[in-house]
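Listed below, chain by chain, are the residues.
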Amino acid sequence: MKALMAMVSVLKTPPQALRVAGWPLIGGLAGALLVTLLFASGIGAISISPMACVAILADRLGVELGVPFTEQQRAVLLTIRLPRVLLGALIGAGLALAGATMQGVFRNPLADPGLIGVSSGAALAAVLCIRANGWLLGKSGEALAAYQLPIAAFLGGSLAAYVAYRLARREGTLSVGRLLLAGIALAMLTEALRGALIFAASDDQLRSVTFWSLGSLGAASWLNLSIVAALALPAMAWLWRLARPLDALLLGEAEARHLGFDVTTITRGAMLAATLIVGSSVAFAGIVGFIGLVVPHLIRLAAGPSHRTLLPGAALLGACLAVLADLLARTVVSPAEMPLGVVTASLGAPCFLWLVLRERGFWS
Amino acid sequence: MMLEARQISVILGGRRLLDDVTLTVAAGEVTALLGPNGAGKSTLLKALAGDLKPAQGAVYLDGRPLEAWSLIERARRRAALPQDSPLAFPFTAFEVVLLGRAPHVALRETPQDIAIAWQAMQQTGVEHLALQRYPSLSGGERQRVQLARALAQIWEAPPDGAARWLLLDEPTASLDLGRQYETMAVARQLAQDGVGVVVALHDLNLAAYAADYVAVLDRGRIAAEGRPEDALTPERIRSAFGLEVAVTPHPRHGRPCVIPLPPPMPRARSRLERRLRLAYPPAP
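As you go down the protein sequences, you meet chains Y and C in turn. First residue of the first sequence? That's 1 in the working numbering, and the numbers climb one at a time after it. First residue of the second sequence? That's 365 in the working numbering, and the numbers climb one at a time after it.
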């Protein structure tokens, strides 16, 4: 072998072009996210120029920049715009990251972060909560009342994911195929239960349910933002470690094991992280569709399927798109607000369709 | 340094796929698993790889039960090539081969890993496909890319000097004649460097050419094993495959050469005869 190796190494050295590239893309997206955040914070009923935004933030940190701004601008930016924009970025990044992870685990580019039952379980719990509103309000204090819906949604989502996990587990190993089937069956079942509850709901309750299930960032506040961040950020940071195992998993479950990765551990970790991310974002923003499905796909088309660029790329692009979609949702029909899910789906679906039809070779 | 299956039985879905099979594979040799379809070649390979847990018996790697080794320890000394490798995501061929270095990589691949992946591709003759998307490759090209991935995985001996193992499930199934022999030459070269190669094959002549040791499986049991000269006799081949063969020494390398002797073809009818039969069908 030594002689052979010496021979081949003389023949050719690996061209540098073969190296997995993608850092320019990540850098570009990070820059785009910063610009998006800055502009989105400035646009709305009270307009704040990007420079004034920076000045207000600097002033908050005790640095004088010499750009004039009014007290009203300052209050609007710090108490309304900033938490909303940051919540949008966090949720968009989380959903896209969870979507990319699930697509890797299921080895299917059409997988959705909700596939393991999180969003459907959360939706059922939310409807249950809205239906039981009067009863719960009487029993609990006012402080808890504002948070009963997020708590119910988070618990419902986690419970559904756990049920899917238990169903897919057999003799200590997790079967991805069974997980997929269990998730689909659970989604159908919770959908039916939700339908039954909606059928018996009053008109007011129906309206709340519909608005909730279309998603909105209207509930953004510093407190909500920090709750979501506390739940989702550690999970997102942990998903980073899954990049290489997920690449290996795309080759097949047996192949990943042969390469030294424990498929059951990977799948369980990915599920736990996705549950925390999707559960917390559904709890505070309702169901925001399409970001988790489409964004990873866009990054894959641009930079290939390697999770090392896919995961950070999807997180950054998801954050950008969610902030932009929320910007549209709150400005287009101002002073009213469009549901966020309507914006993401109506922009996302044609985009997705165009890409899929263009990339025929990818699918056939 | 041995890879052993000790009296293993594998039962899947109520079917006994392997029945009390004992096989010892030595490092530095090519061992070929032969046998008709459904005889248990792939099952035995999967059991040796640790993908299937035997209902009875156990697989031992260097004297220790396979389960006692951690996945990463196994991955550093043993590579496996499955029969087919569907991969829907558009990785480049080079990225696929580089994944073979995963058990050796701490944070990200070093230039040395990249050089190894490249050399592995050169060895299986696929370096010109490096930047092609894997799903766009032909079946034979995919097989050679996957072989390069397996080679990259066990490119260097482990630091403790332990033996390396390569399990190949029909690596020549979609290859043209020349590539089949090239692939087996790669396997031979690896064995010369101390790697224990186990390969499931259909082509008896390919096995006789490349293998130091062959095991003929039949209905889940080992029907014959030994050096190709001893194990590949006309009687054994007839009883395992149900085909009459002649075995002669190969004119080039002297190992057994198997010539199939199928029953004579039915005589072709002449055109006139066919017309007559159409016009006047024989009475049933």
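Don't take each hint at face value.
[Unchecked claim] Here are the simulated distance ranges between beta carbons:
| hint | chain 1 | residue 1 | chain 2 | residue 2 | range |
| --- | --- | --- | --- | --- | --- |
| 1 | C | Thr-597 | Y | Leu-272 | 43 to 51 Å |
| 2 | C | Asp-448 | Y | Pro-350 | 55 to 63 Å |
| 3 | Y | Trp-238 | C | Arg-472 | 52 to 60 Å |
[What the hints assert, rightly or not] Chain C stretches covered by chain Y per the calculated footprint, using a threshold of three residues with CB under 8 Å from any CB of chain Y:
| hint | segment |
| --- | --- |
| 4 | 586 to 598 |
| 5 | 605 to 616 |
[Unchecked claim] Some chain C residues flagged as far from chain Y (calculated, every beta-carbon gap over 12 Å):
| hint | residue |
| --- | --- |
| 6 | Lys-410 |
| 7 | Arg-428 |
| 8 | Ser-434 |
| 9 | Ala-439 |
| 10 | Thr-456 |
| 11 | Leu-463 |
| 12 | Gly-464 |
| 13 | Gln-510 |
| 14 | Gln-517 |
| 15 | Leu-531 |
| 16 | Pro-630 |
| 17 | Ser-634 |
| 18 | Leu-636 |
What the hints contain is simulated information worked out from the structure, not anything from laboratory work. Note that the Cβ used here is the ideal one computed from N, Cα and C, for glycine as well.
Evaluation of the provided hints:
1. Look at Thr-597 (chain C) against Leu-272 (chain Y): about 58 Å separates their beta carbons, and that is not inside 43 to 51 Å.
2. Checked against the hint of 55 to 63 Å, the C-beta distance between Asp-448 (chain C) and Pro-350 (chain Y) comes to roughly 37 Å, which is inconsistent with it.
3. Distance hint for Trp-238 (chain Y) and Arg-472 (chain C): a CB-CB separation of about 18 Å, inconsistent with the stated range 52 to 60 Å.
4. Restraint check on the segment 586 to 598 of chain C versus chain Y: 0 residues with Cβ-Cβ distances below 8 Å, three needed, restraint violated.
5. With 0 residues having a Cβ less than 8 Å from any Cβ of chain Y, the segment 605 to 616 of chain C misses the three-residue criterion, and the hint is violated.
6. Its closest Cβ contact with chain Y, about 8 Å, brings Lys-410 (chain C) to no more than 12 Å, contrary to its assignment away from the interface.
7. Every C-beta of chain Y lies more than 12 Å from that of Arg-428 (chain C), the closest at about 17 Å, which supports listing it as non-interface.
8. The claim that Ser-434 (chain C) lies off the interface is violated: its Cβ sits roughly 8 Å from the closest Cβ of chain Y, which falls inside the 12 Å cut-off.
9. The claim that Ala-439 (chain C) lies off the interface is violated: its Cβ sits roughly 3 Å from the closest Cβ of chain Y, which falls inside the 12 Å cut-off.
10. Under the 12 Å C-beta cut-off, the non-interface status given to Thr-456 (chain C) relative to chain Y is violated; the minimum distance is some 7 Å.
11. Residue placement check: Leu-463 (chain C) does not keep its beta carbon more than 12 Å from all beta carbons of chain Y (closest about 6 Å).
12. Distance check for Gly-464 (chain C) against chain Y: the nearest CB is about 7 Å away, which does not clear 12 Å, and the non-interface claim fails.
13. A Cβ of chain Y approaches the Cβ of Gln-510 (chain C) within 12 Å, the least distance being about 9 Å, so the stated non-interface status is violated.
14. With a closest Cβ-Cβ approach of about 7 Å to chain Y, Gln-517 (chain C) is found to fall inside the 12 Å limit, against its non-interface label.
15. Once the 12 Å rule is applied to beta carbons, Leu-531 (chain C) is inconsistent with being away from chain Y; the minimum gap is 9 Å.
16. Pro-630 (chain C), annotated as away from the interface, keeps every beta carbon of chain Y farther than 12 Å; the closest lies near 42 Å.
17. Listed as outside the interface, Ser-634 (chain C) is consistent with that label: its C-beta sits roughly 47 Å from the nearest C-beta of chain Y, beyond the 12 Å cut-off.
18. Consistency note on Leu-636 (chain C): stated as away from chain Y, and its beta-carbon is indeed over 12 Å from all of that chain's, at 49 Å minimum.
Of the numbered hints given earlier, the model fails hints 1, 2, 3, 4, 5, 6, 8, 9, 10, 11, 12, 13, 14, 15; all others are met.
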